[in-house]
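Visitor: This is what each chain is made of:
Protein chains: 2
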Amino acid sequence: MSTTITLYPLSNYPFASKDQQLEEDPSVVARLQRLEHDYEQYGMRRTVEGIMLVHEHGHPHVLLTQVGSAFFKLPGDYLKPHESDEQGLKARMHLRLGPDPPGDAADGEMKVEEDGAGADEWEVSDVIGQFWRPNFESFMYPYKPAHITKPKEVKTWHLIQLPETRILTVPKNQKIVALPLFELYDNAIRYGPQLSSLPALLSRVNFVYAS
Amino acid sequence: MSTTITLYPLSNYPFASKDQQLEEDPSVVARLQRLEHDYEQYGMRRTVEGIMLVHEHGHPHVLLTQVGSAFFKLPGDYLKPHESDEQGLKARMHLRLGPDPPGDAADGEMKVEEDGAGADEWEVSDVIGQFWRPNFESFMYPYKPAHITKPKEVKTWHLIQLPETRILTVPKNQKIVALPLFELYDNAIRYGPQLSSLPALLSRVNFVYAS
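Residue numbers (UniProt numbering), protein chains in the order written: chain S, 1 to 211; chain F, 1 to 211.
Quick caveat, the hints were computed from the structure, so don't treat them as lab data. Any given hint might turn out to be false.
To give a feel for the contact side, a few chain S residues facing chain F, derived at Cβ under 10 Å [unchecked claim]:
id, residue
1, Asp126
2, Trp132
3, Pro142
4, Tyr143
5, Thr156
6, Trp157
7, Pro180
8, Leu181
9, Phe182
10, Ser197
11, Leu201
12, Arg204
13, Phe207
Under the rule of at most 20 Å between Cα atoms (straight-line distance), these lysine to aspartate or glutamate pairs were calculated in the EDC-like manner [unchecked claim]:
id, chain 1, residue 1, chain 2, residue 2
14, F, Lys144, S, Glu183
15, S, Lys144, F, Asp186
16, S, Lys150, F, Glu56
17, F, Lys150, S, Glu56
Just so it is clear, the structure is predicted and the values come from calculations on it, not from any experiment. Heads up, the beta-carbon is just placed ideally off N, CA and C, and yes, glycines get one too.
Generate coordinates for the entire structure from the input sequences, incorporating the hints supplied.
Guide: Laid out in C-alpha cells, this is it:
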C-alpha cells in the first residue's frame, strides 16, 4: 500500500539551458479570463504538476522552477480536454525540462505533441494532493468547498520518480531550485498554504536514499 | 490506486458517556520523561491515531476529542512493542470511543487487551501522514530531520472507515467535536502545523457522501 520513491543526489542532475518559455498569459487577470473562456467551452480545467525529489545533506529536497526572483512553480500545466493525467504530465515535464528540440522553438506550447518519445522518459507515480478552484478567482482549496458543485479547475500533484541521472534543460528565463522540506514545513507565510503543505503530503512516502 | 472513504452524516453518530479517562502523564515534562525511559527499554515509540470523517452541511468534518476547553486530540495512543499498527489502533479506538465495559473501569489502559471483539468493529484504512519526533522534545516533523538516524517516536495517521451508524461513547472528562476541513485549512496559528495540514493530506482521498 505504501509508496516508495528512490532519491538520488542533487548533483546527479546537471542543468542545461534552452530557449525561454514565456507564461501563456501576461497577468493573473488574463489567466483567469482564459480559464473562464475555456470553462464555457470545455468544462472544468484539469491541471497537473510534478513533484521531483532529490537528496542533499541527507535530507529530501523538492525541485521547483523560479521565474525571475519572484515566485516558485512546480513544473506542469493544464491539460487539453482529451489528455490523460499521466500522458499529459509526461508531455509537460518533457516540454519544461527535456532537451531543446531541434529547429526554431519560440513557442513552447506547440511542441507538446511532437515529442512523444521524450515524454515517455518521465515516470509519473502516485497522486499526493489535489487543489480545487471553486470560482474564477485566485484561491484554491484542498477540498471542494460546500455548495460548490462545479469547481472551475482541479490541480493534481503527482510524484515523479526521477532516473538515477538526467540533464535537466531549463528555459533561459527560469532557474531550478532545490528546496529542502524543512524550509517549506510550517512556512505558509513565505511559500503559501499549498507548497508549505508539501512536507506533510510526502510524509507517508517511503524514501530510499541512493547514490 | 486512489483511496475511497464513505462519509455519513454527523447525526448518524449519537454520543453516549462513560467513565473519565485521565492522561497517563500529568504534564508534558512527565510524558517526555516516560518517552525517554521507554525508549531506553524498547526503542522508538510508535503512536497511531485515527482520522474519523463525517459530513455536515455538504462538507467533510473530522472528529476530534477535546479535553477541557484546551486542546484537540485525535483518538489513539502509543503502541506496545509487539502490537501491529492496525490491531493496536483498533484496540485504542475501542478503548476511547467504544461502549463502557462492564464492571470497574477506573484505569482505561488495562482494558485494551480484554476487548478484542469490540476492537474488531473498527475499520482501519490507509496511512495519510506521519510525524517524527527527533529528540525527547515537543516538536515533531513530517520527515526525519537530517542527521537524525534514531528518531524517538513516529506517529502515524490512519483513515478510519466509520460504519453507517454507531454510538460513540465518550469519557466524561472529554467531548467530541466535528471540525470542518475549511476551519483547519491554512490555520496553523489556531490548530498547529499538524492538524492544519489535515485537509491537504485528505485531498487525494475520494469522498462518497452517503445518507
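Visitor: With reference to the structure, classify each hint as holding or not holding.
Guide: Consistency of the hints with the structure:
1. Interface restraint check: Asp126 (chain S) against chain F, minimum CB-CB distance 6 Å, threshold 10 Å, status holds.
2. Interface hint status for Trp132 (chain S): upheld, as the beta-carbon distance to the closest one in chain F is roughly 8 Å, under 10 Å.
3. With its C-beta approaching chain F no nearer than about 4 Å, Pro142 (chain S) sits inside the 10 Å limit, and its interface hint holds.
4. The restraint placing Tyr143 (chain S) at the interface with chain F holds, with a minimum CB-CB distance near 5 Å, inside the 10 Å limit.
5. A hinted interface residue such as Thr156 (chain S) counts as satisfied when its beta carbon comes closer than 10 Å to some beta carbon of chain F; here the least separation is about 8 Å, so the hint holds.
6. Because the beta carbon of Trp157 (chain S) sits about 8 Å from the nearest beta carbon in chain F, less than 10 Å, this interface hint is met.
7. Restraint check, Pro180 (chain S) versus chain F: the minimum CB separation of about 8 Å is within 10 Å; hint holds.
8. At its closest, the beta carbon of Leu181 (chain S) sits 5 Å from a beta carbon of chain F; the interface hint therefore holds under the 10 Å criterion.
9. At about 7 Å, the closest approach between the beta carbon of Phe182 (chain S) and any beta carbon in chain F falls short of 10 Å, and the interface hint on this residue holds.
10. Annotation: Ser197 (chain S) was flagged as interfacial toward chain F, and the flag holds, the nearest CB pair being 4 Å apart, inside 10 Å.
11. Satisfaction of the interface hint for Leu201 (chain S) is found here, the shortest Cβ-Cβ separation to chain F being roughly 6 Å, below the 10 Å cut-off.
12. Because the closest C-beta pair between Arg204 (chain S) and chain F is about 5 Å apart, less than 10 Å, the hint holds.
13. Because the beta carbon of Phe207 (chain S) sits about 8 Å from the nearest beta carbon in chain F, less than 10 Å, this interface hint is met.
14. Between Lys144 (chain F) and Glu183 (chain S) the alpha-carbon distance is near 13 Å, which keeps this suggested pair within the 20 Å criterion.
15. As the CA atoms of Lys144 (chain S) and Asp186 (chain F) are separated by approximately 15 Å, the hinted pair is consistent with the 20 Å bound.
16. About 19 Å separates the Cα atoms of Lys150 (chain S) and Glu56 (chain F), which keeps this hinted pair within 20 Å; it holds.
17. The hinted pair formed by Lys150 (chain F) and Glu56 (chain S) meets the criterion: a straight-line CA distance of about 19 Å does not exceed 20 Å.
Checked against the numbered hints given earlier, this structure breaks none of them.
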